[in-house]
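Let the sequences and hints guide you as you build the complete structure.
Here numbering that gives the first Met the number 0 is used: the first residue of the sequence shown is 0, the next is one more, and so on.
Read the hints as simulated data drawn from the structure, not as lab findings. Everything numeric in this text was worked out from a predicted model, so none of it was measured. Watch out, some of these pointers could steer you wrong.
Computed cross-link-like contacts, DMTMM-like style, restricted to lysine to aspartate or glutamate with a CA-CA straight-line distance of at most 25 Å [to be verified]:
#1 K54 - E7
#2 K63 - E28
#3 K63 - E18
#4 K36 - D11
#5 K54 - D20
#6 K63 - E32
#7 K36 - E7
#8 K63 - D11
#9 K54 - E4
#10 K54 - E27
#11 K36 - E67
#12 K36 - E72
#13 K63 - E7
#14 K36 - E4
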Amino acid sequence: MSLLERVEAALDTIRPYLETDGGNVSVEEITPEGIVKLRLLGSCGSCPMSIMTLKAGIEGAIQKAVPEITGVEAINLTDIDDPNAVVPENLR
Numbered sequence: 000m001s002l003l004e005r006v007e008a009a010l011d012t013i014r015p016y017l018e019t020d021g022g023n024v025s026v027e028e029i030t031p032e033g034i035v036k037l038r039l040l041g042s043c044g045s046c047p048m049s050i051m052t053l054k055a056g057i058e059g060a061i062q063k064a065v066p067e068i069t070g071v072e073a074i075n076l077t078d079i080d081d082p083n084a085v086v087p088e089n090l091r
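Here it is, written out as structure tokens:
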């Protein structure tokens with residue numbers, strides 16, 4: 000199984016939770032240094048909780064399943080103070 004396939008398998012374990020809030024994630028790149036660069040999709044791209052989702056959920060799941068991954072970054076993370084950030088319905 001390729002590195003990308005293993006990362007995708009790890010993401011598949013948490014995608015149902017992201018989809019519950021109208022979001023998802025796609026792998027844009029895995030760098031030679033072992034950094035996974037993701038695009039947050041749907042409500043995940045504009046949710047003020049995105050940084051916590053990324054670090055606590057997504058990064059943890061990937062690094063547990065694929066230990067050679069050294070980090071996870073979102074290429075389109077919305078800042079928590081961004082006035083355009085939205086809170087998913089179930090967190091209001």
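Let me make sure I understand: some of the numbered hints might not hold for this structure. Which ones are they, in numerical order?
none
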